[in-house]
Amino acid sequence: MANKEGDNSLYPIAVLIDELRNDDVQLRLNSIRKLSTIALALGEERTRSELLPFLTDTLDDDDEVLWALAEQLGDKDFVVFVGGPSYSYTLLPPLESLATVEETVVRDKAVESLRAVSQQITKAHMEEHFVPMIRRLANGEWFTSRTSACGLFSVAYPSCSDATKQELIQIYRNLTSDDTPMVRRAAAGKLGEFAKALEPENLKQHLILMFHNLANDEQDSVRLLAVEACSFIANLLEKEDVEQFVIPTLTSAAKDKSWRVRYMVADKFTELQKAVGPELTKTNLVHAFASLLKDPEAEVRAASSNRLKEFCTSLGEEYRSEAILTQLMPCIKQLACDANQHVKSALASVIMGLSPIMGKDNTIEHLLPLFLIQLKDECPEVRLNIISSLESVNKVIGISQLSQSLLPAIVELAEDNKWRVRLAIIEYMPLLAEQLGVTVFEEKLNELCMQWLVDSVYAIREAATVNLRHLVEKFGSDWARVAILPKVLGMAQNPSYLHRMTTLFSVNLLVEVCSSEVVQVSMLPVVLRLAQDPVANVRFNAAKTLNRLCQKMDGSVVKEVIPCLDTLLKDDDVDVRYFAEETMNTVKAQES
Amino acid sequence: MAMAGLRTGEIPWCFSQVKGTIEDEVTDADIISTVEFNHDGEFLATGDKGGRVVIFQRDSTKGKASVSSPPMFRCDYNVYSTFQSHEPEFDYLKSLEIEEKINQISWVKHSGSSLFLLTTNDKTIKLWKISERCRRYNNLNTITDEGQVKDQSSITQLKIPQKCVEEITVEALPRRIFSNAHTYHINSISVNSDGATYLSADDLRINVWHLENTDQSFNIVDIKPANMEELTEVITASVFHPINCNEFIYSSSKGTIRLCDMREKALCDQHSKSFEEPEDPANKSFFSEIIASISDIKFSHSGRYILSRDYLTVKVWDVNMESKPVEVYPVHDFLRSRLCALYENDSIFDRFECGWNGDDSKVITGTYNNFFRIFDRSLKEDYCYEASRDMTTLGLTLRHKRVTPTGRKRKDEVNVDSLDFSRKILHAAWHPRDNILAIAATNNLYLFHEQQP
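One line per chain: the protein sequences are H and B, in this order.
Just so we're aligned: 330 in the working numbering is position 330 of the first sequence, and the numbers increase by one with no gaps anywhere.
Just so we're aligned: 366 in the working numbering is position 366 of the second sequence, and the numbers increase by one with no gaps anywhere.
Hints are computed from structural coordinates only; laboratory data are not their basis.
C-beta atoms are modelled at their ideal positions from N, C-alpha and C, and glycine is treated no differently.
Hints may be right or wrong, so weigh each one.
Computed footprint of chain B on chain H, listed as stretches where at least three residues anywhere in the stretch have a Cβ under 8 Å from a Cβ of chain B [said to hold, decoys possible]: (1) 13-24; (2) 43-57; (3) 141-152; (4) 219-226; (5) 289-299.
Pulled a few chain H residues facing chain B out of the computed Cβ check, cut under 10 Å [what the hints assert, rightly or not]: (6) L10; (7) I38; (8) E102; (9) E103; (10) V105; (11) T180; (12) M182; (13) R185; (14) R260.
Using the sequences and the hints, build the whole thing.
The structure is reproduced here in structure tokens:
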């Protein structure tokens, strides 16, 4: 019975195989993820002849199981279990079936895996197995299989004979004029990568034709995907060809009847700009971009506004200022007063970035009035976006030009009814402090920072403490002692325990950026007093804070803390005792 | 001869099946609330007030053509799958009960062996996948085919399981749930011809969704006035154009149909076309506004015409003519003088639906007393039939029914005073290719087909 032990070792694998078809989806998933273990146990021969056909035959499973199966089969190491690259074609049938299922995520994964397998397939098998599979998928009854086919051409094409290449091009052309828009969309989506695989003459002769058909499709959902292909194709062509084949399509897409197509052009504009190069941009795109900035649909205006800075930055220097001033500036002026707040806030987030490009004089003459308008905008998001990008303007014209309008805007946002707006402005405080300098800050903004510490919303109080830390990092420990500590420590006497806790939270953060002298002289006495607070919450937070203070203090001073901790260790409250003990351990560790 | 009573050009309808209980007592949950054929008519779905969906499959056994005989006409539909689509819910924030009643079903075009359909109640839309699945496997390693657990030591060789083909079950799985996008009651859902998106309409708003994305939808129509006291109309139905993916229409309680083009703007508050017939001042009464309200709209298969149903008529509109309908068919004009009584018993608010036949040459709609009417557009004929259990003899052609204003009652005639207003046909669907009708009469589904020579 020498076999006996060997048989037992089969048992775990036997269970694993059976669980491929268990009622519990979790067990099936588990088995599928160990497919390589199963394949190894079965051996190459049986994996090819039994396991893979079985898997191909049982695709009525849940989508997550199918997805996992597609992933396993596409793993670059799995090919070993079927017998190496010369047998890699045996992985195609199950993946082909997976590429036809209804669920998009499964199909996409199957296509991804097929592309991975294609890397390991021999040249002979490419035409013998891979291309026939593309043919079957592309002629499939359901649109699902035809959409999957679109993603496989670019990997098969390079290693095919010329005759097969021509056939693949022909099949792809059929897909671009398929009856169902879903297939045409897939063909439009993959057109760019297929174009990359093609030789220049085939590209010009065949692919451009398909591209034009898709760009003129009756459904706008197809046309808008052709816009994406524009930049891919333009990248592959010489300048004259771009001008002849791509620019007309691009300019007509920018004027398309459907706003969704124009939106796509606006959204991809900077990519397109890079692809067609500076000269064609100058002659063709500046005008198109200006018209998108004036589009009747707000979504399009917002999308093009978002691209404004990048577009202007990438313009050729020799005509940049002129193009901006003569063609774009009139549109920008209108956008600053747009009826739609998304458009205005999109503009506000990029408009300051134009300042370095335009230089000091132009900024003052043209942009400054717009900044001021937007700083007074009724929508807080617009004002916030302006404030958030102050830095770039500061470098060009200095902030003094703005501060008169800036400060009221900041104060108003700081007191906005919506706490999220207050939160957003707090986050810009360190930046503003840096730009404005310590004097202006102390004069106008310090009080606001203190006000936030006693805000009714916890998130604001918390952000305010973090803000203090950043301020101290910028202005230094001495400034902290004079400008903020009196106020922060003063709150320790506040009748509300929530405010007394804010003192502790602030100290927790400030301790790291203040000198140990400040810690010992100013902070310690206050925290020790709070350790005797009537509220247990305050007491245990004080214990936690002491822990942090001790790490920053000299050994001699740390000793002063011990009597206080001894008291806390006898506290009625279990939490207080717990944290006191933790702190005590730190103190002892420090002593030894 | 059964064919004797036929008029020229009339389709000889005969009974094929009736589904549902034959008892007189009607449970509220069993009342059918929607009927819908899929795109090729091989499947038929019904939804009911109890939140259930039943899918019927056209009989496939008789369909096989052989060398000697042509394929038989397949008119039978058998239950394929039944599932609970919606459950009653309670909205705790608004203290509102949400009924489980299925308001509408919309089939998603086939893309493989499984079926996909959208179902909706007042608030939540669900995408269902109905697929066939093998649940039993033989030749397992650890269990014998008889279900006995094998002894570990008896396993000497690894085996690959085999499908047990007899044990195929049909499963309905909720693939996606689209919720929290409607403040008011959803009245329509419609899948777009692009195959990727669909719309859902409630009383005041229309949203567009992507079928694969449940966490966002885009509002494309919003007719809610800033002040609800200024509210003058509500959306009653909405549907996508069958071919142009950018166009959709919606109807209103004022009797207007608006066509919108999604290419023009992101928010389609401004319509491209508005179909409305100027009101005839002579007919104006207290009830004019109520009976003008459109209860259903359907695009013809070609996309050229729009069919609309209001309380008393069905109208056919040419998409190219906004000023008035090209055809108007009275459904039950004899009720015009009885609107007061119909108002008192709430019947005037019944929402009748309507439908086209496969080649858009005929339309169907329902009325009271379990009567339904077919209008032949080219012959200008109309036919009235009854869906009744008395007619359930196989192969018998349906007889014409008449409603007479007064006087003696002959065979197949009903006096207008004795019409039964509780028995009404709100939902009727015509097979997309063949002459097969699916008629929902309260809790029964009747199927009729053209008599084969």
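Here is how each hint holds up against the structure:
| no. | hint | result |
| --- | --- | --- |
| 1 | 13-24 | holds (count 8) |
| 2 | 43-57 | holds (count 5) |
| 3 | 141-152 | holds (count 3) |
| 4 | 219-226 | holds (count 3) |
| 5 | 289-299 | holds (count 4) |
| 6 | L10 | holds, 6 Å |
| 7 | I38 | holds, 8 Å |
| 8 | E102 | holds, 4 Å |
| 9 | E103 | holds, 8 Å |
| 10 | V105 | holds, 8 Å |
| 11 | T180 | holds, 7 Å |
| 12 | M182 | holds, 5 Å |
| 13 | R185 | holds, 8 Å |
| 14 | R260 | holds, 7 Å |
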